[in-house]
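2 protein chains.
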Amino acid sequence: MTDPTPGKRTELSELGEFGLIRHLTENFTIEQPSTLKGIGDDAAVIDYGDNVILVTTDLLVEGVHFDLAYMPLRHLGYKCAAVNFSDIVAMNGKPRQLFVGLSVSNRFPVEALDEIYEGIRLACKRYHVDLAGGDTTSSVHGLFLSLTVTGEAAKEDVVYRSTAKENDLLCVSGDLGSAYMGLMLLEREKRVFEVDPGMQPDLNGYDYILERQLKPEPRTDILELLKTAGVKPTSMIDISDGLASEVLHICEDSKLGCRIFEDKIPLDAMTVTAAEEFNIQPVTAAMNGGEDYELLFTININDFDKVKNLEGISIIGHMTEPNAGVFLASNNGPLIQIEALGWNHMREQE
Amino acid sequence: MTDPTPGKRTELSELGEFGLIRHLTENFTIEQPSTLKGIGDDAAVIDYGDNVILVTTDLLVEGVHFDLAYMPLRHLGYKCAAVNFSDIVAMNGKPRQLFVGLSVSNRFPVEALDEIYEGIRLACKRYHVDLAGGDTTSSVHGLFLSLTVTGEAAKEDVVYRSTAKENDLLCVSGDLGSAYMGLMLLEREKRVFEVDPGMQPDLNGYDYILERQLKPEPRTDILELLKTAGVKPTSMIDISDGLASEVLHICEDSKLGCRIFEDKIPLDAMTVTAAEEFNIQPVTAAMNGGEDYELLFTININDFDKVKNLEGISIIGHMTEPNAGVFLASNNGPLIQIEALGWNHMREQE
Chain A
1 MTDPTPGKRT ELSELGEFGL IRHLTENFTI EQPSTLKGIG DDAAVIDYGD
51 NVILVTTDLL VEGVHFDLAY MPLRHLGYKC AAVNFSDIVA MNGKPRQLFV
101 GLSVSNRFPV EALDEIYEGI RLACKRYHVD LAGGDTTSSV HGLFLSLTVT
151 GEAAKEDVVY RSTAKENDLL CVSGDLGSAY MGLMLLEREK RVFEVDPGMQ
201 PDLNGYDYIL ERQLKPEPRT DILELLKTAG VKPTSMIDIS DGLASEVLHI
251 CEDSKLGCRI FEDKIPLDAM TVTAAEEFNI QPVTAAMNGG EDYELLFTIN
301 INDFDKVKNL EGISIIGHMT EPNAGVFLAS NNGPLIQIEA LGWNHMREQE
Chain B
1 MTDPTPGKRT ELSELGEFGL IRHLTENFTI EQPSTLKGIG DDAAVIDYGD
51 NVILVTTDLL VEGVHFDLAY MPLRHLGYKC AAVNFSDIVA MNGKPRQLFV
101 GLSVSNRFPV EALDEIYEGI RLACKRYHVD LAGGDTTSSV HGLFLSLTVT
151 GEAAKEDVVY RSTAKENDLL CVSGDLGSAY MGLMLLEREK RVFEVDPGMQ
201 PDLNGYDYIL ERQLKPEPRT DILELLKTAG VKPTSMIDIS DGLASEVLHI
251 CEDSKLGCRI FEDKIPLDAM TVTAAEEFNI QPVTAAMNGG EDYELLFTIN
301 INDFDKVKNL EGISIIGHMT EPNAGVFLAS NNGPLIQIEA LGWNHMREQE
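Protein chains in written order, with the numbering used here: chain A, 1 to 350; chain B, 1 to 350.
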């Protein structure tokens, strides 16, 4: 490889993912008046008159983002599409078009790609998204998927990460930590299988957390629910890297602190059972597990009455002034400062 | 890997790139009224009121699409961006926003990515495109780049591949085959270097064809020129895979035949010299070399007078009724049927 700057070598790991993106993009300027929001939210926001177009893109790498040993190809296709739709939903928009880049080595037959595309097709059909383009190329090693989704929203409907206000209530949809426990389970069964290929996987009774890992759904229904209730979130993000990481995004971008109450974090009974089995605190799975693709959002405190009884929405805390910091009030007393560990960190700790 | 359909294995090579895309996408239906054009042109066309948004996406793989042994990283970044801008230009649109997905293994230091992004930044600056998002992840092997570009056009300005008419004149911008000869030269010097790393590359006097390979430019200037002349192309495509492949796209999509005249194909003197050196017919480099990123377009025959004296545009043939086939009238007499060999095929023939 050509060495661009002999004598200087900064390892990628020194910067971390977000640090690297910041570093690489800091010299770019926005010139187009149509670019309402560039880097730094779930999706870009482009002004096209009365409506805006939302654009999000994602690159998924075999061995990094998915493991074909336990991720069926059809589920892989569905999940890749669904999590990108989720980025559009997190802007309070509707996903409309999908673009798929696929790079595979010769070890994959056409039938394998058919399975991936069948999963993508099912997700497109369910969420009324059109496959509108893409690129298919060969690779030297493994499978790469690049997805771009465009979405639509009325200009006044778009919800950013950066617009939470002090005293806003912090809400989350569904339950958290289940996708991570599903992953733990799949990885355990993979290890068992590697030791004894004759073993049958013991996945009975774990349907819910497995489905949460293998087939996440973008919460378009929550947007409908809020709209019907007459509530527009003041800020919103989807939970891909764990509650801790996402809440820090909202706090940093909105320049606020926040307080979350551990006993308010929604956990499914199966998540709790599985966490006990794996000797993990369920709240840790929720805070740092990721891949739940639930919505984390803030609402004005005046909307409390409209939201408090909505099924599938939990109020887990509130926004504070920035100097108050970002804390989790734990069940057993002390305030714990929230740090962004995220999914990668947890993986390294195993 | 999970084998989705035991007992059946179709190799990717059996379908070919276009066949594979057709196969994978044939079960998808378009539901959104905003999807004016999905798969099957240089870019998708999405209806957003008076204007449309154009979206194109590309996946580039180290060892398949580029070789870092002779492609400096800054040029790689510039070229990746430029060729995607070219797809928007080929729809008669203006590129506006860029989204970059980057996947790299640990062998790349941050400084290497800085070079890539500096190249991307230069291309963005030159063509007034905003970097508006992206995704950066680690890979197990090598470097992958996924680019998505959004562009803008007034609805009535968009030019498709499928709208050429019988008797339209076929035109091309710039000259052809030079990027391919630049590639030949770089590959020769790489082989020399591999045999004797002490050798200095002998690239003197080849600046033009090297630049054509390493730093292609989208022909936004040609769109301006045509607009000023009051000519709207009846169909258009950019030349990424070679004149033969692109002309077949226009013919197939417009359901027409065509006749190209070999002596009208624009060739730079340096392309001819280099082709002789490599024992290649210059017209072969033009027809099957690819990566010129010139515009191939058709115009109504009534616009002949407006176009005939425009600098940088050559009229190379005309569209015929479909049964007349797609032929090259060679200098030495016979009509040669044009087949899509394209870049990959030429590589296999080496």
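In case anyone wonders, no lab produced these hints; they're calculated from the structure. Each hint should be verified, as a subset may be incorrect.
To be verified - With a straight-line Cα cutoff of 25 angstroms, these simulated SDA-like cross-link-like pairs (lysine to any residue) come out:
#	chain 1	residue 1	chain 2	residue 2
1	A	K94	B	Y48
2	A	K8	B	T136
3	A	K8	B	I21
4	A	K125	B	F28
5	A	K125	B	I21
6	B	K8	A	P334
7	A	K94	A	S162
8	A	K232	A	D114
9	A	K190	B	H141
Going down the list of hints, with the structure as the test:
Our distance criterion of 25 angstroms between C-alpha atoms is met by K94 (chain A) and Y48 (chain B), whose separation comes to about 14 angstroms. Our distance criterion of 25 angstroms between C-alpha atoms is met by K8 (chain A) and T136 (chain B), whose separation comes to about 21 angstroms. A hinted pair counts as satisfied when its Cα atoms are at most 25 angstroms apart, and K8 (chain A) with I21 (chain B) does not qualify at roughly 43 angstroms. The suggested pairing of K125 (chain A) with F28 (chain B) holds, with an alpha-carbon distance near 8 angstroms, which does not exceed 25 angstroms.
Of the supplied pair hints, the one linking K125 (chain A) and I21 (chain B) holds, its CA atoms being roughly 19 angstroms apart against a limit of 25 angstroms. The hinted pair formed by K8 (chain B) and P334 (chain A) fails the criterion: a straight-line CA distance of about 59 angstroms is larger than 25 angstroms. Straight-line distance between C-alpha atoms of K94 (chain A) and S162 (chain A) comes to about 20 angstroms, which keeps the hinted pair within the 25 angstroms bound. Straight-line distance between C-alpha atoms of K232 (chain A) and D114 (chain A) comes to about 40 angstroms, which puts the hinted pair past the 25 angstroms bound.
Straight-line distance between C-alpha atoms of K190 (chain A) and H141 (chain B) comes to about 23 angstroms, which keeps the hinted pair within the 25 angstroms bound.
Hint compliance for this structure: hints 3, 6, 8 are broken, all remaining hints hold.
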